[in-house]
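Participant: Reassemble the complex: the two chains are provided individually, in unrelated frames, and hints are given to aid placement.
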Amino acid sequence: MSPAPPGPRGLPLLGSFFSFHARQRLWFLEQVVRAHGDRCGFRMLWTTFIVVNAPQHALAVLANRDQTYGSQLTPELRALELIRPPADGLVRGSKATRGSDPNTRVQIEQSAFDVVARAVHRWREARAIEVIDAGGTLAVELTLKALFGLEVEHPEEYFFAIRGALTEGRSERGDSRKQRKERRALFVRLKQRALDQGPQDGDVPTRRNGFSPLMLATVSPMSSALTRAWW
Amino acid sequence: MSPYLLHHDPRSWDAPERFQPERFLQEDKPTSQVFLPFGGGAQSCPGSTAALVLLEGAVRAFATQCSLRLQSSPLPQPFPSYALLPEKPTTLTVGAPTAPA
Numbered sequence: 000m001s002p003a004p005p006g007p008r009g010l011p012l013l014g015s016f017f018s019f020h021a022r023q024r025l026w027f028l029e030q031v032v033r034a035h036g037d038r039c040g041f042r043m044l045w046t047t048f049i050v051v052n053a054p055q056h057a058l059a060v061l062a063n064r065d066q067t068y069g070s071q072l073t074p075e076l077r078a079l080e081l082i083r084p085p086a087d088g089l090v091r092g093s094k095a096t097r098g099s100d101p102n103t104r105v106q107i108e109q110s111a112f113d114v115v116a117r118a119v120h121r122w123r124e125a126r127a128i129e130v131i132d133a134g135g136t137l138a139v140e141l142t143l144k145a146l147f148g149l150e151v152e153h154p155e156e157y158f159f160a161i162r163g164a165l166t167e168g169r170s171e172r173g174d175s176r177k178q179r180k181e182r183r184a185l186f187v188r189l190k191q192r193a194l195d196q197g198p199q200d201g202d203v204p205t206r207r208n209g210f211s212p213l214m215l216a217t218v219s220p221m222s223s224a225l226t227r228a229w230w
Numbered sequence: 000m001s002p003y004l005l006h007h008d009p010r011s012w013d014a015p016e017r018f019q020p021e022r023f024l025q026e027d028k029p030t031s032q033v034f035l036p037f038g039g040g041a042q043s044c045p046g047s048t049a050a051l052v053l054l055e056g057a058v059r060a061f062a063t064q065c066s067l068r069l070q071s072s073p074l075p076q077p078f079p080s081y082a083l084l085p086e087k088p089t090t091l092t093v094g095a096p097t098a099p100a
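Residue numbers (numbering that gives the first Met the number 0), protein chains in the order written: chain A, 0 to 230; chain B, 0 to 100.
Next up, chain B with everything else stripped away, as it sits in the complex (with noise of 0.2 angstroms):
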């Protein structure tokens, strides 16, 4: 069972490619069945509430204190190792925060 197809199947998800966190705000949010970002069952990740009061944390920082650009174009493949990784080297230019819209 692979995540990364479940996660950007069409029969599932409209535009899989596309950055909309809006879509999990929306009243027919992604399913447990169909987002699985932690697994499930028995072999579910023991930290997945852990990993998400951690994120709110850094995405709060990543927001407020930078923005981060990428060097290089396009998008690099993704590569699954012992995560999901960029398959090439992948450069990001680190600069101050820009004000919110």
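Okay, chain A solo, but in the shape it has when bound (with noise of 0.2 angstroms):
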């Protein structure tokens, strides 16, 4: 067994749980690695945290050992097959990501400026915005319309929904833990309806109103604590 990396004893058993949740996590990290070097690490109850802070073995942890390091991402990838785009939208969208299509890129440009447009329009009548609120709700109209043409009729659901599935359970800047409950219980309905319609093959990607499948494929990459707590 390899020695544990240098980094801070912390407590017994708990190690450095309070520590790493008292103050601001980054500045946690910071602290670490200044005082531990670029390859340190910390214990949080039964976990040893490895950290990893110089450029030059990034590659070696990204791309030659993700064998060791890259387990984390097979419950994002049976998500994805369990919930799929409806089939135009899912060609649209892969060529948008291999970037190959000059006249789709084009396209999907405009698209992101028209819907971007749209939303800064609100936002001038309201005079001012809630950064995280409208920029979730403006990033899922802006995935949905620009990469696969479809509308939702109150794209801040579907926001709010996935926000209180990825944060569930975890300490979020004011957010009670009975809103967090609601935009759980919020996103469970939707995860159902989006079940109940299920994967539908030459699925027009015109406007749709209320829930589409697409939308769990689109943002289940953002975290695997989505899948680990859903699926």
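These aren't lab readings, by the way, just hints derived from the structure by calculation.
Model, not experiment: these values are computed from the prediction.
Do not take every clue at face value.
[To be verified] Residues from chain B that face chain A, not an exhaustive set, calculated with beta carbons under 7 angstroms:
1. Y3
2. L24
3. Q32
4. P36
5. A49
6. E55
7. R59
8. Q64
9. T89
10. T90
11. V93
Just so it is clear, CB atoms sit at the ideal spot from N, CA and C, and this is done for glycine as well.
Facilitator: Here it is, written out as structure tokens:
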């Protein structure tokens, strides 16, 4: 067994649990790296975290040894297989992802411009926006419309549900437990509707009201927490 | 591995806290080892190309359609969650676009 990496000893059993959660988490990481070097680690409860902060090791961690470090991706891939976007939308989205077709690229760029310009018009009427809510809602609209040609009536509802699912059980700024629970319940309802619909081959990616299974496929790579919690 | 720490490392970045988009236009622009907004290897973001195309349209719209101003100071602290978010609720004032210089 290899020796533990250098790092803070922390408390018996708990390790650095309180130090990590008590103040800014990034501040904690910065302090650990500053005190113990670019390759260090800390323990929280029964899990040891290895911190690699050297650019020259980035490639080793992310590419050369991804089998060692990449196991968390599996449930997300499984989720993507469970819920598929409409066939046409998938083709358009994958073209955009590869970036190989200049016409598609121009269309998508223009479509993104239109979505944001519409949102900005709404925001200017409201005069002020809250960054996370407005930005998250816009991200939902933008991805669905520009990549898959879909519009939903209340994109903010999707964003709140997704955010609730992603953050459930973790401390979030300004959120009461009740709010998190409500968002989680909303997400469960939306997910059930998606599963009831099931993947539909040949779906036409035009205006659709209500929930689209695509929504989950689009956002699921955002965090493994989502899939760990719900699939 | 924390992209935030790598992206704020003074050994790799001059004035890491400053918004200096022109640093990506220079010949010795940041390499993919120190700039990993989409991760890397098998776990890298499959939508990175699409995201960059979307961002081109989005930035064009933001720049030509409005001006955004932070209502309070100082800058909010970053908080790592499902994405890097401001730690406290942060409000922006949305106004008419400013004329190009």
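Participant: Give a verdict on every hint.
Facilitator: Hints versus structure:
1. A cut of 7 angstroms between beta carbons decides the hint on Y3 of chain B: the least distance to chain A is about 6 angstroms, and the hint holds.
2. Checking L24 of chain B against chain A by beta carbon gives a least distance of about 20 angstroms; that is not within 7 angstroms, so the hint is violated.
3. Annotation: interface hint on Q32 of chain B holds; nearest CB of chain A at approximately 4 angstroms, less than 7 angstroms.
4. Hint on P36 of chain B is violated. Least Cβ distance to chain A is approximately 13 angstroms, over the 7 angstroms limit.
5. Against a cut-off of 7 angstroms between C-beta atoms, the interface hint on A49 of chain B holds, since the closest Cβ of chain A lies about 4 angstroms away.
6. Because the beta carbon of E55 of chain B sits about 5 angstroms from the nearest beta carbon in chain A, less than 7 angstroms, this interface hint is met.
7. Hint status for R59 of chain B: holds, given a least beta-carbon distance of 5 angstroms to chain A, under 7 angstroms.
8. Because the smallest distance between the Cβ of Q64 of chain B and any Cβ of chain A comes to about 4 angstroms, under 7 angstroms, the interface hint for this residue holds.
9. For the restraint placing T89 of chain B at the interface with chain A, the shortest Cβ-Cβ distance is roughly 4 angstroms, inside the 7 angstroms limit, so the hint holds.
10. Contact between T90 of chain B and chain A, as hinted, is supported at the beta carbon level, the nearest pair being about 5 angstroms apart and thus within 7 angstroms.
11. Hint on V93 of chain B holds. Least Cβ distance to chain A is approximately 4 angstroms, under the 7 angstroms limit.
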